[in-house]
Amino acid sequence: MQMFFRFLKLNKLQAITLGREIEGASYTVVEDTQDYVGSVPLLEDKFDDINLFFIRQKISMQDCDLLINSSSLAGSKEQSVPIKVNRFLKDIDCRLTLTCEE
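Everything in the sequence shown is counted per our numbering, starting at 1 for the first residue and increasing by one.
No lab work stands behind these hints, which were simulated from the structure alone.
Because the structure is a prediction, the values reported are computed rather than measured.
Check the hints yourself; a few may be wrong.
Keeping only pairs whose Cα atoms sit at most 20 Å apart, straight-line, the calculated DMTMM-like set for lysine to aspartate or glutamate is [claimed, not checked]:
(1) K58 - D48
(2) K12 - E44
(3) K90 - D63
(4) K84 - D65
(5) K9 - D93
(6) K84 - D35
(7) K58 - D93
(8) K12 - D65
(9) K46 - E23
(10) K46 - D65
With beta-carbon atoms standing in for the labels, derived distance ranges [to be verified]:
(11) K77 - L52: 37 to 43 Å
(12) Q62 - P82: 23 to 29 Å
(13) D48 - S71: 27 to 33 Å
(14) R56 - G24: 17 to 23 Å
(15) S26 - D48: 34 to 40 Å
(16) S80 - P41: 17 to 23 Å
(17) R95 - L43: 15 to 21 Å
(18) Q34 - K77: 38 to 44 Å
(19) L98 - D32: 19 to 25 Å
(20) S71 - R20: 27 to 33 Å
Heads up, the beta-carbon is just placed ideally off N, CA and C, and yes, glycines get one too.
Could you put the whole structure together from the sequences, leaning on the hints where they help?
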């Protein structure tokens, strides 16, 4: 299971700043809109960095999400989400995006 906090509508300066301020962060440009999507692995030692960037850059709740990408459930019908997701959502109550790879 991979988990990332994503900033969905960054401008170029914000994207570059994200990459410099948070180790392990990355970004890509959305060709249609020229917005940038920044991603940070959801690790507990990154929670404060993500929260500070969110506040400093005045990011809207609608412009971020928490992406949970699970590999195939391999015959199981359910999979538990780690408790760190709940802890993180106490700071930034963003939407969840779930994907499952077959």
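A quick look at each hint next to the structure:
Using a Cα cut-off of 20 Å, the hinted pair K58 and D48 holds, with the two alpha carbons roughly 15 Å apart. Between K12 and E44, the direct Cα distance comes to roughly 26 Å. Violation of the 20 Å bound is thereby established for this hinted pair. A C-alpha spacing of about 17 Å is found between K90 and D63, which places the hinted pair at or below 20 Å, so the restraint holds. The suggested pairing of K84 with D65 holds, with an alpha-carbon distance near 15 Å, which does not exceed 20 Å.
For the given pair, K9 sits about 17 Å from D93 by alpha-carbon distance, which is consistent with the 20 Å threshold. Of the pairs offered as hints, the one joining K84 and D35 is violated, with about 29 Å between alpha carbons and a cut-off of 20 Å exceeded. The straight-line distance between the Cα atoms of K58 and D93 is roughly 15 Å, inside the 20 Å bound, and the hint therefore holds. Between K12 and D65 the alpha-carbon distance is near 19 Å, which keeps this suggested pair within the 20 Å criterion.
With a CA separation close to 8 Å, the supplied pair K46 and E23 stays within the 20 Å bound. Pair hint K46 plus D65 holds up; C-alpha atoms about 15 Å apart against a cutoff of 20 Å. The supplied range of 37 to 43 Å is met by K77 and L52, whose beta-carbon atoms lie about 38 Å from each other. At roughly 25 Å, the beta-carbon separation of Q62 and P82 lies within the given 23 to 29 Å, and the hint holds.
A hinted range of 27 to 33 Å holds for the C-beta pair D48 and S71, which are about 29 Å apart. The hinted range of 17 to 23 Å is satisfied by R56 and G24, whose Cβ atoms lie roughly 18 Å apart. One distance hint, 34 to 40 Å for the beta-carbon pair S26 and D48, is violated here, with the actual separation near 19 Å. Evaluation of the 17 to 23 Å hint for S80 and P41 yields a pass: the beta carbon distance comes to about 19 Å.
Separation of R95 from L43 is about 20 Å and conforms to the stated range, judged on CB atoms against 15 to 21 Å. Our hint of 38 to 44 Å for Q34 and K77 holds, since their Cβ atoms are close to 41 Å apart. For L98 and D32, the hinted distance range of 19 to 25 Å is satisfied, since their beta carbons lie about 23 Å from each other. A hinted range of 27 to 33 Å holds for the C-beta pair S71 and R20, which are about 31 Å apart.
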